[in-house]
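One-letter residues, chain by chain:
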Amino acid sequence: MIPRNPVAAAKVVVFAACLVPLAIVAAKIFGLASFGANPVEEVLFTMGKTGLNLLWITLAVTPVRKLTKLNWLVRLRRMLGLFAFFYLTLHLLTYIGLDRRFDWGSLIVDVTERPYITLGMLGIVLMIPLAVTSTKGWQRRLGRNWTRLHRLVYPIAILGAVHFWWQTKADIREPLVYAVILSLLLGYRLVDSRMRARRRAAAQRPAAP
Amino acid sequence: MTRPKNRIRPSEITPEHVYFNRREILRSAVALGLVPAAAPAFGASIPASGKFSNLAEWPGSLDEEPTEFEHIATYNNFYEFGTGKGDPARNAHTLKPHPWSVEVTGEAEKLGTFALEDILKPHTLEDRVYRFRCVEAWSMIVPWVGFPLGDLLKRFEPTSRAKYVQFFTLNDPEQMPGLRYPILEWPYREGLTMAEAMHPLTLLTVGVYGRVLPNQNGAPLRLIVPWKYGFKSIKSIVRIHFTERQPECTWNMYAPQEYGFYSNVNPNVDHPRWSQATERVLGAGLFSPRVPTLMFNGYAEEVASLYEGLDLVKNY
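Protein sequence lines correspond, in order, to chains A and B. Residue numbers for the first sequence follow this note's numbering, so the first one is 1 and each next one is one higher. Residue numbers for the second sequence follow this note's numbering, so the first one is 210 and each next one is one higher.
Rather than coming from a laboratory, the hints here were simulated on the basis of the structure. Ideal placement from N, C-alpha and C gives every residue a C-beta, glycine not left out. It cannot be assumed that every hint is accurate.
[As the list claims (entries may be wrong)] Quick partial rundown of chain B residues pointing at chain A, CB under 7 Å, derived from the structure: (1) Trp309; (2) Ile392; (3) Pro396; (4) His480; (5) Arg482; (6) Gln485; (7) Leu491; (8) Pro498; (9) Val500.
[What the hints assert, rightly or not] In silico contact screen, one side only, chain A against chain B (beta carbon under 8 Å); selected entries: (10) Pro6; (11) Val7; (12) Ala27; (13) Leu32; (14) Phe45; (15) Val74; (16) Arg101; (17) Trp104; (18) Thr112; (19) Thr118; (20) Ala170; (21) Asp171.
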């Protein structure tokens, strides 16, 4: 059953692609593939990286849509954002359940004393209201406030980038790539909104005599 | 997933039960008079076959199941070959561990450059099962092959001014692709006090699991200091330097607030960014818990006296 509508078809493809990292981990858990020496780290990193990748892709939707004029791309955005939330939640649960094994004492110490964990956790917690209000119903109910609320995704992404950077031991090349891409994605929005504001101002000025 | 080309095939690895049974076999062979009890283990060398024979038993070995060879040889921190854990196993085939020589400099009588063969010759290689604890809070149990570093250092006749000994890793970008990136200050260097270096647990290491060290594990010659975090156990040593003053150590130079000169395993002193109270045992599976980290990595009885009167919180 291939949907005839191209947007629906794209949704199916994106949905399937988003499940691949989870499927790989599941295959390893069920013995169809093997883990390396440090399975907990492997699961933790897979979930964290996939979550960040999807968050970055979610943030790329708007710039790509505007630059390419492919407006239907926006219809993939909610799914991408929810998958980012899904993987980052699994990342957090892996940490709490498999790494810390629900040892609340050591968790409290980690969250209060280790800034990269504090920031990472804050980022995921801030995603909860965005995931909850991602439905059409909430979008309608909140009106213009919905857009305001969902701007939280910008600080959330910055928290993610800093979390990744601060847990690195010495080789900052990879977190640097994430930070640079995020700066481009956020920088585009700054420039774009400035330009729109200028255009609006120009349109409101009375025409020259 | 790509498979590293230089990976050791499972068929090449001595099965662990055979590996550990050979002690039993040897013991019964001695009892039957088939093998002389004092095996002629002198004249240590790197065997061309890749497998050591006549290794002396070391009575202090841990009585625990060692980590699988596969994990020991594929999960490495050896930034000269890349910073990912799997990078060294993939990239270290470019290292040429033969021929090899070691330069001896500083406060000692017998200085010069010595061929690896001459370094090893007078020593007896032993099979020692040690705990290994990384500063990143993972650990493994490893059957190393080596001999006490102190036995070698004595041969160079250090002077009374030799208070510390420093080691340097090879610094050849042709053989070590990771050296092209200035992630750490190359060459990698590490140091010990003379007392630490002369301690009988400090092992100059040439093998693992009865085999010649894989390149990614620091071939042909590395240090193992079992009561310190793994990064102190410098790999692929090309220079030994005796000195009066505390020497530069790579990770300490990179982040002195995170990596001290001593870097003794200590569950009570956390790394500024993570706890050192527990560790994850490699190969233990997804659902196994972390285990508590032991003071001096379980070697307190042997080494605590080295640090009497020293504040271990300040001197981390």
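- Query: Hint by hint, which ones does the structure fall short of?
  - Reply: Going through the list in order, the structure violates hints 1, 3, 4, 6, 9, 10, 11, 12, 13, 14, 15, 17, 18 and 19 and respects the others.
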